[in-house]
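Enquirer: The hints should help you fit chain E onto chain B, whose structure is shown.
Those protein sequences? They're chains B and E, same order as listed.
Using this note's numbering, you'd call the opening residue of the first sequence number 191 and step up by one each time.
Using this note's numbering, you'd call the opening residue of the second sequence number 675 and step up by one each time.
No lab work stands behind these hints: they were computed from the structure.
Cβ coordinates follow ideal geometry from the N, Cα and C atoms, glycine included.
Which chain E residues face chain B? A few, computed with CB under 10 Å, are given here: (1) 694; (2) 713; (3) 731; (4) 1490.
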Amino acid sequence: MARPHAVLAGGTDFYPARVGRAIEEDVLDIGAIPVLRGISSVSSGWRLGATTTWSDLLEADLPPLFDGLKQAAREVGGRQIQNAGTLAGNLCNASPAADGVPCLLALDAEIEIASSAATRRLPLDQFIIGVRHTALAPDELVVAIHIPKPAHEVRSAFLKLGARRYLVISIAMAAATLEVADGRITAARIAVGACSAVARRLPALEAALAGTRVDGHLGDRVDRAHLAPLTPIDDARGSAGYRSEAALVLLRRLLAGFAR
Amino acid sequence: MKVAFVLNGAAATWTGPPVTRLAAALRDDLGLTGTKVGCDAGDCGACTVLLDGRQVCACLVAVGQVEGRAVETVEGLTGGDGTLARLQKSFLAHGAAQCGICTPGMLMAAEELLRQTARPGRGEVEDALGGVLCRCTGYTKIVDAVLAATEPAPMVTPVVAPGAGAAVGARLPRVDGHAKVTGGDVFGADGIPADALWIRVVRSPHARARFTLGDLGPLRRRLAAVLTAADVPFNGFGIYPEIKDQPVLADGIVRYRGEAVLALVGERATVLSIRDDEVPIAWTVEPPVTGIDAATAAEAPLVQADRPKNLLLDGGVRHGDAAAAFAGCAAVADGVFETAFVEHAYIEPEAGWAQRVGDRIEIHVSTQTPYMDRDEIANVMQLRPESVRIVPTACGGGFGGKLDLSVQPLVGIAAWLLKRPVACVYTRPESMAATTKRHPARISAKFGCDADGKLVACDVSASFDTGAYASWGPTVANRVPVHAMGPYAVPHVRTWGEAFFTNGPPAGAFRGFGVPQAAIAHEAMMDELADKLGIDRLEFRHRNALRAGDMTATGQVLAHSAGLAQCLDALRPHWRRAHEAAVAFNDKAGVRRRGVGIGCMWYGIGNTSMSNPSRIRVGLSPAGTLTLYNGAVDIGQGSNTILTQIAADALGLPAAQFALVQGDTDLTADAGKTSASRQTFVSGRAAEGAGKDLRQQILRLANAGSDAVLSLDGGKVMVRDGAEVRTIDLATTGALVGEGTFDPPTTPLDANGQGIPYATYAFAAQMAEVEVDIELGTVKVQRIVAAHDVGKAINPTLVEGQIEGGIAQGLGLALMEEFLPGRTENLHDYLIPTIGDVPLIECILIEDREPLGPSGAKGVGEPGLVPTAPAILGAVHHATGVRARRVPLLPHRLYEAIVSLKGTGA
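This is chain B alone, in the form it adopts within the complex:
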């Protein structure tokens, strides 16, 4: 672990970065470590092992809290990628368009990190700190993703916008987790992806939703000002202005969907 090395799990980001050249760096393959894979229920919530694949997640018996993350899992690449790609790999790759990140932000995910010396936990928004950049030290590994158990009944959902069906990098994504008691939102966690260097939570929107009734008007509560944390860019997939509009539309549809 002392020498510089690349970590290999599902390979779905590792190999695409190495097309047409010899792989000569040191590689740490963590794919066959059983304790790193699988989903378990613990007293505080759920533990998703680092090498848990998207397909593992889709096939796991999980409460509605995970509906949004499962929707995201179905939108990751094609089946081949879902069968091989890992949840933690999606985070460590730290792409602005990582499909798992908005949902995991909206789930208040914490990242368990281990080195040979110690173990630590970081909230996801402190783990991914920039484009292709994480808080992981060279001698550390992501071991698991922890999802806390919410206080109330929870619903969650995810929407992705791309320029084609399947195998598409998102232009924009939105994820929401709503805690609901007596038909009213007690806590909302909303995140948007592909509209900033790292997917962002939208605290102002979350605050605006708190206490409101889950009805057909939920989508109308999204205001342009709520998007202030986003810093979309122009690229081949879309203009910055379009991304902002798309984020707004996705959020409205996402929230309106909870009333159905």
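Expert: Only chain E this time, still in chain B's reference frame:
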């Protein structure tokens, strides 16, 4: 590391670095080349295998991770006795494999699904196969094949084995299909000798630069050779005999990003381990000439020093007096339309290998044009053409992109110099950066009609960005003016085409040679004129359709086979239904709006006013082996099967009795290139001639009349003439060879573009139904009905396959495909349609017989694509009021247009 696992049910071991890609281990070391590599990045799914029963991309799996696990590849689907699995049979019967490069991946993805779900629905099939790209089929027949494979036994498989005289018109499964569904077909990267050296090409990272090479000595000590421009005997190639402007290896100056500079030749691992920054190249970067405006600016730097004004060539068609005629028009429409570089994105990157055999060079390569390759290699290597043998491998998709040289000169020169087999396989990013593209176009169109909606005048100017080198630029610039008025009778025409050099990638041949770009313009004009006069868009086109007896703008009278009006008649009921459905849907106000659009096209078959002969032979050996010697390369479109069907009926023996020799320049005659939709029409006619010639020889030997019935049994031909049967013993007669040639009759175009550019034209009309999300600018194409006048459908399954595949590419052109050098050089940033993007497609085949063609057939390869984008864009206009002026109509572009339309209050 030694890895032990179960491979297709049997124990297997592999030894090597555990980080090696499973795809490489399977292909290179375990000999299972049925698993194809299209991208090495998980973007195309061609390498899909099952790992513990689950589909994965073998290019993304570390072989160390399969220790103790079960790997299944396409080779494992076939039974031990060679019988095909049900799924494979279904793929074959439904025409689900065209070029076959994606077929193993499709089969394995489908296999995973069918093990989990006995009777999946269409949506489940799409979800399961969504990770495998196909560029040929449009996915329609793949979905059909998977669904049919799940039907309760006995499977209803149309096993077609037509008898003598009944092959033409039959849905014969591909004669070369078995190898495509078993993984046995040998593509460019599949048959490379184990002792071959490998080439890695060092390419320019700059669009325009000068360079000097430093000391190559250290590299040469690690390698067998480092080839530079100095090693190329004649360092220029190009499609036209007088324009050999593209160097095999750049000589001090590069003109586009991705241009070849050096070839590193050595052991495979060594060439792959050398990084570009270890190669001593000193660059002096210059500002590139990007786009037509930059190329035509007053002080524009020249891309090629001897090409003033950066002009490749220009020319046009004049008929009547268009400028004067507009004055008398009741309605006039005009507009400017722009298109982007479009990438062929065949799933098989360029690949091949060469070996020197004495004083000859033999090149095995994925190509569309073995004879042009032969002559070009002879020129580059300064050998006689007879000293060059081109052996086409299976071609994993071409679409025009494998009409230009790629690996051929590099492997040829290296193998010649080193006297060892040398191979080169492009990576996906290399394939995308280095090879030709569809020409970006800017088309200014103006059309006028009278009060009855009859077209009176048109004026179309098309400017093309031909990139750094000429390639097929002249072909595009010549073909477009002939087609730019659309498939309509217009008395007063002025059209103009011009192509300019830029520092973009060379723009070359791509399915349609510029006509798809022009069709976007003329079809938008038809819509606008129809709307101005309040005439239904279909009826407006029907009123103006070229019909037999009409004169074209080049002064050619179409004597026969101009079936556009019939195509439109066939669409009419669908058109009405679709309009009613759209109106009903749109009555419910919502964020989704539906629209219906129509696109028409015509397409001249074969070269424009140039000879393009084909020669085909049919041989009967003393042992009774009947062989089609076919120089026409089947790049997936099905010419091996079509030509066999034609030759079989012309001869009068069953197609099933034919063996096939394809493409090898030592064994077949020149049947021209697989391009310009010409193989069915031109080589088909030659195959018909060859079959007839052999039949005549047999009838003469038997002294039998022309109605005699032949049968072949071993070395004996039985000739039944009335009640009498005569037997010809081939051991006595010796081998018999029939030969046929055909060169479609054309004449040169004069200064005003008058003449007979093509012997015949295909016609088509397609109708698209779309749903637009007006808040997001996304377009879902829901259904396309395609009516094509193909003269005669020699094999309806293959004809439909061409149309469906063309539609998928047309959809990509309209909605998603834009090649940006340096930015979209892979298959996740450059988007082509997936199985989830292609709509339901209904094909209607109109057979307005072309007397020159074999059994009346014309071509269909390119026509499938041409009307699709216009139909989709017309439907978007119908749904939203937005007329797309620039494609691809990406979501953000459509969204912005919808917003600006609202802003103008339109």
